[in-house]
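Engineer: Sequence:
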Amino acid sequence: MLYTVKEVSILSKVTIKTLHHYHKLGLLLPAEISDAGYRLYGTKELERLQQIRFYRELDFSLEQVKELLTETPERLSILSEQEQLLQERQDRLESILQTLRRSIHYTKEGLAMEPQDLFNGFGSAEEWEDALAEQNQHLKEQYEVDLLEGEPVDVSSMNEQAREAAAFMSAIANALITGIKHDDERVQLSIRNHLQFMNEQGHTFSAADFAGQTKFFLRDEFHLRMLEEQQTGLAYYLHAAAEAYAEV
156 MLYTVKEVSI LSKVTIKTLH HYHKLGLLLP AEISDAGYRL YGTKELERLQ
206 QIRFYRELDF SLEQVKELLT ETPERLSILS EQEQLLQERQ DRLESILQTL
256 RRSIHYTKEG LAMEPQDLFN GFGSAEEWED ALAEQNQHLK EQYEVDLLEG
306 EPVDVSSMNE QAREAAAFMS AIANALITGI KHDDERVQLS IRNHLQFMNE
356 QGHTFSAADF AGQTKFFLRD EFHLRMLEEQ QTGLAYYLHA AAEAYAEV
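Its first residue numbered 156, the sequence shown is counted upward by one per residue in the working numbering.
These are calculated hints, taken from the structure and not from any lab test.
What you are looking at is a predicted structure, and each value in this text was computed from that prediction instead of being measured.
Beta carbons are placed, not taken as given, at the ideal position from N, Cα and C, and that holds for glycine.
Among the hints, a few may not be true.
Label pairs and their in silico Cβ distance ranges [as the list claims (entries may be wrong)]:
1. Gln242 - Phe360: 23 to 33 Å
2. Ser325 - Leu223: 40 to 50 Å
3. Thr359 - Arg230: 14 to 24 Å
4. Glu212 - Gly265: 32 to 42 Å
5. Ser311 - Glu162: 34 to 44 Å
6. Lys179 - Val300: 17 to 27 Å
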């Protein structure tokens, strides 16, 4: 069965103007054109339009959609990939929705959420690349190290690590502000838990490695400024605490 542009527009909820634009781009060609000049679409064209709509729902540009459909013509493969991408989108939105609901609850109760809980669910691969861009540029120029080289950004893992890091640095900064000594058991416990988390994330991070990293922070202007802007003296306090932990 063949469908006119108007019928396809009604079925797909895509405007006639958009369908004409897809034709012009070579993204969605009609099955045939009638003697009267009408564009007619069959089942395969409707399936392709469905795939286009899935990709557009995922915010792919028309150029990207065209490339993806050209490179992967097999329908089941495309649908399986789109299912995975949409599932990731759904999981992210569900996480953001939970954060919104918690924010509403805390606001109604007149309470403040923990800083590391304010942004649960946010962050895409592109946002993480943007967030790391300045630090990555500094490391490439000064040390020829590229944070973004290799595997694509794992958004879920990066979000989890960011939450843990924020909580850890907040605890260390609070210890400094309240006058707790750098070798106090509470500070040392925070470091132990932080290193345990890092190792569970696959980073193979020893106490000596951590002490060495905090020493690097003191020497490197970019990272020193980043820590000192969070709390004056934090970089030095963190290094002292890390060295005390490594000596145990």
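Engineer: Are the hints correct? Go through all of them and say.
Structural biologist: Consistency of the hints with the structure:
1. Gln242 - Phe360: 23 to 33 Å: holds (31 Å)
2. Ser325 - Leu223: 40 to 50 Å: holds (42 Å)
3. Thr359 - Arg230: 14 to 24 Å: Cβ of Thr359 to Cβ of Arg230: about 43 Å, so the range 14 to 24 Å is violated.
4. Glu212 - Gly265: 32 to 42 Å: Taking Cβ atoms as reference, Glu212 and Gly265 lie about 38 Å apart, which means the hint holds.
5. Ser311 - Glu162: 34 to 44 Å: holds (42 Å)
6. Lys179 - Val300: 17 to 27 Å: violated (46 Å)
When each numbered hint is compared with the structure, violations occur for hints 3 and 6.
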